[in-house]
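> Could you build the full structure based on these sequences and the hints that come with them?
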Amino acid sequence: MQAMRWMVTAALLCGSAVSAGAFAAAAQQGKAPLGVDLKGMDRSVQPGDDFDNYANGNWRKNAVIPADRASTGIFLEVFQKAEKRNAQIIRDAGAGHPAAGSNARKIADYYAAFMNEAAIEKAGLAPLKPELDKIDAIKTRTDLSRVLGGQLRADVDPVNATHWDTEHLFGLFVTQGLEDPSHNIAYLLQGGLGMPNRDYYLKNDAEMAGFRDKYKAYVAATLQRAGVADAQAKAGAVMALETKIANAQESLVESEDVHKANNPWPASAYAQKAPGIDWNAFFEAAGLAGQPVVDAWQPQGIKGLSALVASEPLDTWKAYLAFHTINESAGLLPKAYADASFEFYGHTLQGTPKQRDRWKRAIGAVNNDLGDAVGQIYVKKYFPASSKAQVQDMVKNILAAFDERVDSLDWMTPATKQKAKAKIETLKVGVGYPETWRDYSALEIRPDDALGNHLRAVEQEYRHQKAKLGQSVDRGEWWMTPQTVNAVNLPLQNALNFPAAILEAPFFDPKADAAANYGSIGAVIGHEISHSFDNTGAEFDAQGRLANWWTPQDLAHFKAAGQKLVEQYDAYEPLPGLHINGQQTLGENIADVSGLTAAWIAYHKSLGGKDAPVIDGMTGDQRFFLAFAQSWRTKTRDAALRQQVITDGHAPGRYRAQTVRNIDAWYKAFDPKPGQKLYLDPKDRVHIW
4 MQAMRWMVTA ALLCGSAVSA GAFAAAAQQG KAPLGVDLKG MDRSVQPGDD
54 FDNYANGNWR KNAVIPADRA STGIFLEVFQ KAEKRNAQII RDAGAGHPAA
104 GSNARKIADY YAAFMNEAAI EKAGLAPLKP ELDKIDAIKT RTDLSRVLGG
154 QLRADVDPVN ATHWDTEHLF GLFVTQGLED PSHNIAYLLQ GGLGMPNRDY
204 YLKNDAEMAG FRDKYKAYVA ATLQRAGVAD AQAKAGAVMA LETKIANAQE
254 SLVESEDVHK ANNPWPASAY AQKAPGIDWN AFFEAAGLAG QPVVDAWQPQ
304 GIKGLSALVA SEPLDTWKAY LAFHTINESA GLLPKAYADA SFEFYGHTLQ
354 GTPKQRDRWK RAIGAVNNDL GDAVGQIYVK KYFPASSKAQ VQDMVKNILA
404 AFDERVDSLD WMTPATKQKA KAKIETLKVG VGYPETWRDY SALEIRPDDA
454 LGNHLRAVEQ EYRHQKAKLG QSVDRGEWWM TPQTVNAVNL PLQNALNFPA
504 AILEAPFFDP KADAAANYGS IGAVIGHEIS HSFDNTGAEF DAQGRLANWW
554 TPQDLAHFKA AGQKLVEQYD AYEPLPGLHI NGQQTLGENI ADVSGLTAAW
604 IAYHKSLGGK DAPVIDGMTG DQRFFLAFAQ SWRTKTRDAA LRQQVITDGH
654 APGRYRAQTV RNIDAWYKAF DPKPGQKLYL DPKDRVHIW
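If you read the sequence shown in the numbering used here, its first letter stands for residue 4, the second for the next number, and so on.
Quick caveat, the hints were computed from the structure, so don't treat them as lab data.
The reader is advised that the hints may include incorrect statements.
Computed beta-carbon distance windows for the label pairs [to be verified]:
| no. | residue 1 | residue 2 | range |
| --- | --- | --- | --- |
| 1 | Arg144 | Ala292 | 13 to 21 Å |
| 2 | Asp687 | Trp362 | 45 to 53 Å |
| 3 | Arg361 | Leu578 | 50 to 58 Å |
| 4 | Gln235 | Leu683 | 50 to 58 Å |
| 5 | Lys357 | Leu578 | 19 to 27 Å |
Derived pair list, reagent style SDA-like, types lysine to any residue, alpha-carbon separation capped at 20 Å [what the hints assert, rightly or not]:
| no. | residue 1 | residue 2 |
| --- | --- | --- |
| 6 | Lys42 | Asn61 |
| 7 | Lys422 | Tyr443 |
| 8 | Lys42 | Ala66 |
| 9 | Lys338 | Gly367 |
Just so we're clear, the structure is a prediction, and the values are computed from it rather than from any experiment.
Using N, Cα and C, we set each Cβ at its ideal position, and we do this for glycine too.
Here it is, written out as structure tokens:
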């Protein structure tokens with residue numbers, strides 16, 4: 004529920020921004036940015052019919068999606084600013100001939116190895132030979148279980164980044180126990196698919212059938228390129244196996260239900276609860292032998308996948324494992340592998356015509372595998388202490404607005420309000436960067452071993468996560484690097500992370516109109532706070548414990564309001580015949596509505612009892628809501644849009660901009676009329692927090 008959340012640096016709420024009157028005078032003289040893109044609006048559209056197109060219609064008509072991207076919008080604009088900064092940091096890392104073993108040396112060597120295409124071509128599949136040899140040597144189900152356990156990695160995250168999918172048959176997540184917030188435990192999640200999720204295997208429409216045909220052809224070509232005999236037949240067997248895996252998996256909506264995930268199985272009970280795998284061999288190879296508990300996040304999925312290990316031919320499993328071992332590393336293999344991977348995953352599945360330049364891919368890879376090493380340099384260069392203080396003040400003020408909103412809820416009982424306010428009071432907010440940095444001293448980076456560097460980094464991350472097992476929970480742990488253009492709510496920690504790189508214009512401009520800043524970044528701050536009270540966050544108390552802190556009548560009202568929002572989003576149809584899944588996106592939609600409400604309250608408090616100036620004929624509330632809609636402006640290729648709707652817990656940006664239809668103040672600002680497409684009768688507007 005925390006992917007793609009945005010936030011930026013701000014000074015308004017701490018009183019250091021220009022006053023409303025001073026801003027209005029400066030704006031009229033052309034000296035201050037308005038914070039709203041007037042040229043991007045399409046005033047021929049009625050706000051009450053389509054507020055997104057009213058705010059963004061002309062921008063969308065003229066916007067060109069870069070050839071190497073699946074979409075464009077404000078998020079990409081800020082990402083590209085961070086990318087240029089990161090590129091400079093990474094390219095400069097080796098300038099002073101840093102000492103061997105230092106972070107700077109590792110950054111420089113990792114980048115150099117990634118850019119050394121001649122060395123990658125020469126190496127071929129050699130970096131994968133140890134793993135491919137293990138696969139080739141499988142002769143028994145125990146051998147298979149041991150290889151599957153040895154491939155387990157910490158590559159899933161069901162509550163923070165909401166990253167559900169891994170090509171490995173299972174993925175590991177480490178965090179506190181759902182009912183014991185004092186210690187970290189292991190969570191096992193289902194995986195095993197090469198396409199985005201189970202719907203790509205199971206849906207019967209022509210689009211999905213076409214993807215399946217192209218995927219099977221890609222599997223065959225990859226195996227053939229690697230010298231595997233009978234590649235076509237083995238690709239067919241792999242496709243059939245993955246279809247069975249898809250059938251065995253639990254759906255995304257089922258996986259999002261945290262109550263269904265609370266299955267702390269003793270490790271010794273897996274053989275009885277999920278027969279098929281030799282679990283002793285699996286856990287030993289995974290380095291989890293001796294763990295008293297391994298929570299089964301999707302118990303039915305884990306049972307189904309384990310049964311397939313016992314029922315499907317070993318030769319099919321060996322072909323499956325060989326393909327996925329190569330496929331996962333394709334971007335760091337010779338050009339033929341990397342290009343074929345992009346053709347399927349980038350071009351076919353997302354409609355992107357051009358692969359990103361190699362230097363851009365290299366920057367991304369360094370940030371993934373040496374994120375904190377780059378991040379320490381990033382914050383020194385681009386995130387001063389004053390910015391951190393400004394953002395912390397803004398968060399405090401929006402928290403106060405949220406607290407005030409809880410007090411004003413007429414449907415919530417005092418007992419539940421007290422528990423909600425306790426969550427607000429104890430919420431830990433991290434701004435810019437973590438208090439402690441990741442140690443990379445044990446990670447070997449070579450200037451001529453691109454794939455080896457990545458594989459060792461992934462393995463070190465796995466060791467880092469395993470080392471937390473049984474330990475006390477670090478409430479200040481960060482789940483994003485400072486140079487990440489994103490933000491996150493951590494429901495188990497009752498915490499927020501706002502990385503430095505997202506704290507940039509155009510999300511926030513200290514010289515711009517307060518209405519625009521609150522409508523854009525203020526709503527994002529409110530959104531992240533609200534995740535503590537969405538359909539998942541509301542299940543956890545102030546200590547991050549899975550606990551019912553609601554009275555029965557309050558819970559019934561909350562779920563009824565959520566159901567209204569589900570139905571509202573179910574009606575949206577981004578592509579012909581493809582509707583948004585309102586339940587799948589419910590957490591994000593609740594946070595959008597609640598965050599926008601809190602930001603609006605905070606904006607009006609920032610005016611100090613004065614009326615907002617009218618600028619360019621627009622009231623303060625009109626500018627506030629326009630800025631909100633423009634912060635979600637996006638233009639996306641159809642294939643990528645289809646993938647997002649099917650696999651993501653976030654609605655596309657166009658529909659997030661329409662959140663305004665639930666806010667009473669928007670009706671006063673733009674006067675939509677009954678009968679217009681977005682108009683909701685007051686009783687049908689969703690007011691949750």
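> For every hint, state whether the structure bears it out.
Taking the hints in turn, this is what the structure says about them:
1. Arg144 x Ala292: 13 to 21 Å: holds, 18 Å
2. Asp687 x Trp362: 45 to 53 Å: holds, 51 Å
3. Arg361 x Leu578: 50 to 58 Å: Violated, at about 32 Å.
4. Gln235 x Leu683: 50 to 58 Å: Hint holds: Cβ distance 55 Å, inside 50 to 58 Å.
5. Lys357 x Leu578: 19 to 27 Å: holds, 23 Å
6. Lys42 x Asn61: holds, 7 Å
7. Lys422 x Tyr443: violated, 40 Å
8. Lys42 x Ala66: holds, 12 Å
9. Lys338 x Gly367: holds, 18 Å
In this structure, the hints that do not hold are numbers 3 and 7, in rising order.
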